[in-house]
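Asker: Construct the complete structure from the given sequences, taking the supplied hints into account.
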Amino acid sequence: MHVHELNPKKTLVAVIIFVLIIIIGFLTLKKPRFTYKLSPEQTLQLLHDEEALFHPYKLVEVLNKKNNNVVLIDIRDRFTYGQGHIPGAENISAYDLTDMKNIEHLKELQDANMTVVLYGNDQLQANGPWMWFRQVGFDNVKILLGGYGYYATHKNSLALTINDTSYLKGTPKYDYAKVASNVSAAGNSQKTSSKKPVVIRRKKKAAVAAGGC
Amino acid sequence: MGPLIPNGIISGDWNFVIALLLGIAFGFILEASGFSSSRNIVGVFYGYNFVVLRVFFTAVIVAMVGFLYFDYFGWLDLDKIFILPTYLSPMIAGSVIMGFGFVLGGFCPGTSYTAIAIGKIDGLVFSIGLFLGIFIFSEIFPLFKDFYYSGYLGNVTLSDVTGIPAAWFAFAFTIIALAAFWITMLIEKRVRKNIKEYKF
Amino acid sequence: MNRNYFILTVLMLVLATGTLFLKQEPKRKQIKPEDLLYEIIQPTRYVTTDQIARIIIEKDPTLELVDVRDAKSYDQFALPNAINIPTDSLLSPNYQDYFGIPGMKVVFYSNDDILADQAWVLTRRMGINETYVMKGGLNHWIETIIQPKEPPEDAPYTAFEQYQFRKGAQMYFTGAKVDNTSQKKKKVIVKRRKKETAVAGGC
Numbered sequence: 000m001h002v003h004e005l006n007p008k009k010t011l012v013a014v015i016i017f018v019l020i021i022i023i024g025f026l027t028l029k030k031p032r033f034t035y036k037l038s039p040e041q042t043l044q045l046l047h048d049e050e051a052l053f054h055p056y057k058l059v060e061v062l063n064k065k066n067n068n069v070v071l072i073d074i075r076d077r078f079t080y081g082q083g084h085i086p087g088a089e090n091i092s093a094y095d096l097t098d099m100k101n102i103e104h105l106k107e108l109q110d111a112n113m114t115v116v117l118y119g120n121d122q123l124q125a126n127g128p129w130m131w132f133r134q135v136g137f138d139n140v141k142i143l144l145g146g147y148g149y150y151a152t153h154k155n156s157l158a159l160t161i162n163d164t165s166y167l168k169g170t171p172k173y174d175y176a177k178v179a180s181n182v183s184a185a186g187n188s189q190k191t192s193s194k195k196p197v198v199i200r201r202k203k204k205a206a207v208a209a210g211g212c
Numbered sequence: 000m001g002p003l004i005p006n007g008i009i010s011g012d013w014n015f016v017i018a019l020l021l022g023i024a025f026g027f028i029l030e031a032s033g034f035s036s037s038r039n040i041v042g043v044f045y046g047y048n049f050v051v052l053r054v055f056f057t058a059v060i061v062a063m064v065g066f067l068y069f070d071y072f073g074w075l076d077l078d079k080i081f082i083l084p085t086y087l088s089p090m091i092a093g094s095v096i097m098g099f100g101f102v103l104g105g106f107c108p109g110t111s112y113t114a115i116a117i118g119k120i121d122g123l124v125f126s127i128g129l130f131l132g133i134f135i136f137s138e139i140f141p142l143f144k145d146f147y148y149s150g151y152l153g154n155v156t157l158s159d160v161t162g163i164p165a166a167w168f169a170f171a172f173t174i175i176a177l178a179a180f181w182i183t184m185l186i187e188k189r190v191r192k193n194i195k196e197y198k199f
Numbered sequence: 000m001n002r003n004y005f006i007l008t009v010l011m012l013v014l015a016t017g018t019l020f021l022k023q024e025p026k027r028k029q030i031k032p033e034d035l036l037y038e039i040i041q042p043t044r045y046v047t048t049d050q051i052a053r054i055i056i057e058k059d060p061t062l063e064l065v066d067v068r069d070a071k072s073y074d075q076f077a078l079p080n081a082i083n084i085p086t087d088s089l090l091s092p093n094y095q096d097y098f099g100i101p102g103m104k105v106v107f108y109s110n111d112d113i114l115a116d117q118a119w120v121l122t123r124r125m126g127i128n129e130t131y132v133m134k135g136g137l138n139h140w141i142e143t144i145i146q147p148k149e150p151p152e153d154a155p156y157t158a159f160e161q162y163q164f165r166k167g168a169q170m171y172f173t174g175a176k177v178d179n180t181s182q183k184k185k186k187v188i189v190k191r192r193k194k195e196t197a198v199a200g201g202c
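Chains as they are written, first to last, in numbering that gives the first Met the number 0: chain A, 0 to 212; chain B, 0 to 199; chain C, 0 to 202.
Wrong hints could be hidden among the right ones.
30 Å max Cα-Cα, derived DSS-like pairs, lysine-lysine [claimed, not checked]: (1) 100/A to 64/A; (2) 148/C to 172/A; (3) 71/C to 30/A; (4) 172/A to 134/C; (5) 168/A to 71/C.
Just so you know, the hints here were simulated from the structure itself, not pulled from any lab data.
Answerer: Next comes the structure, spelled out in structure tokens:
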């Protein structure tokens, strides 16, 4: 008999400590405040979703109270909001978006099937917060195309903007290749792009350190 | 070392200190488990002492189950753990050779050093042979080179290959290990009845 | 038999069974939503067309321009040395090696800045560091670098300085110099992240 076989209590103590560590792990396991409800792939699809966008001409219905299901939220700071905002818009500065009371407010709106429209000075300012809200599961959040800037210049003719496409983003304003080559006096078009072979390589597991017995 | 160095909490210079501490702990456990005695170790092959099997299986199942829990708690990222690249056929050949060495010499490399630490002559001789073997292998390595690098599968795990979640492997292995503990206990009892003199 | 061993066996079995019930969520390296929002509301990710022009002219090797438009637009016109990763293929494993190269700064651009910004949000969520967005995109690039407008007379001194720079950049990018004819198709030097080499170890 070896001495260790006489004392299985030590093993028991060790295993109980192990179990305790795991119990501590379960107790300290925090439920995260936000989790991603959309996978990255779903987020990519969202970007093509016309339903997630809010066109400026639809503001007409909201402003003359025909459509009461829409809540406008101005994510610019309080000062800019004070200088001018879309009538009826609430102000939640981007910096306060995750405040407990604001998130609860947004949850209430979501439960009440209200549509939330975020806007900033331009589309870009609201783009990040809009994508973020969509990713953490607020599927009622839309983005106002053109932002406040477009609204401010077309305030009085919003209904007419249904045929306007100037607020739509993502379209080239110029024929780049042509413009870039026209400027040069000699007319030498210098195209700086070229086909390159895409080498498919697999990501390896990150090497940390080796171990052995 | 773990999350500390890649995240810049401590500098890479600490690697050796941490390695030293881990080495001391490992050697301590080996000696404390009685691995410095070749009689203890080869007992597995003769059926009178299964301490090797118990220690290693316990280590494996505790680590395996523990890692799965730690990964769940977010204390550890299993994706970042180093996985030894698999070379299938050389690994099989290597383990056969290792097994022969084990039963003939009575030590594995690590335990031979713990044997030296407590002043065992057989451990010392084993270690000298160990380095001699390493030297000879390095000299004639070009002959084995093709075989040495054959059957490369990459840094794969069983779950990668089979698609079965790691938890199922951990569960299956725990059952196997626990069953082995009880069965070997019975074998040990039977064999020991016939042994008159038994000391370490 | 020993009672202690029995307890141990049962304990270990319970623990192992417990692992089967742990939620096996698909593991992905992502930053926390709170952190993502925090970074979204910072304007630090935007770089101006002037900055990009300067970096390209200075041939800064740490710049990695990523064109997130579709392949057709990329073939027609792209910034020098830009690589093409359409937003829809952003998550494709083929392109992952382009991100996270230590020391490299990834700058997204598109026709304007929305698509690039969306690519930024996605890659940032996936935990990729050192990514930026070229504000205004190619539309603004044309307006500022390719066809710079002369500032009015009463503009501050800095505006003229900027205009001077843009005029120079325009010459650089439009190839007004004659000696550029020979290299119509420039080879794109693609830098990819090096694979970490595994430190092998044994027993």
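Asker: Hint by hint, note whether the structure agrees.
Answerer: Hint check:
1. 100/A to 64/A: holds, 26 Å
2. 148/C to 172/A: Between residue 148/C and residue 172/A the Cα gap is close to 17 Å, so the pair holds against 30 Å.
3. 71/C to 30/A: Outside the cut-off at roughly 45 Å; violated.
4. 172/A to 134/C: Satisfied, since the Cα-Cα distance of roughly 15 Å is no more than 30 Å.
5. 168/A to 71/C: Given pair residue 168/A, residue 71/C holds - Cα atoms ~18 Å apart, limit 30 Å.
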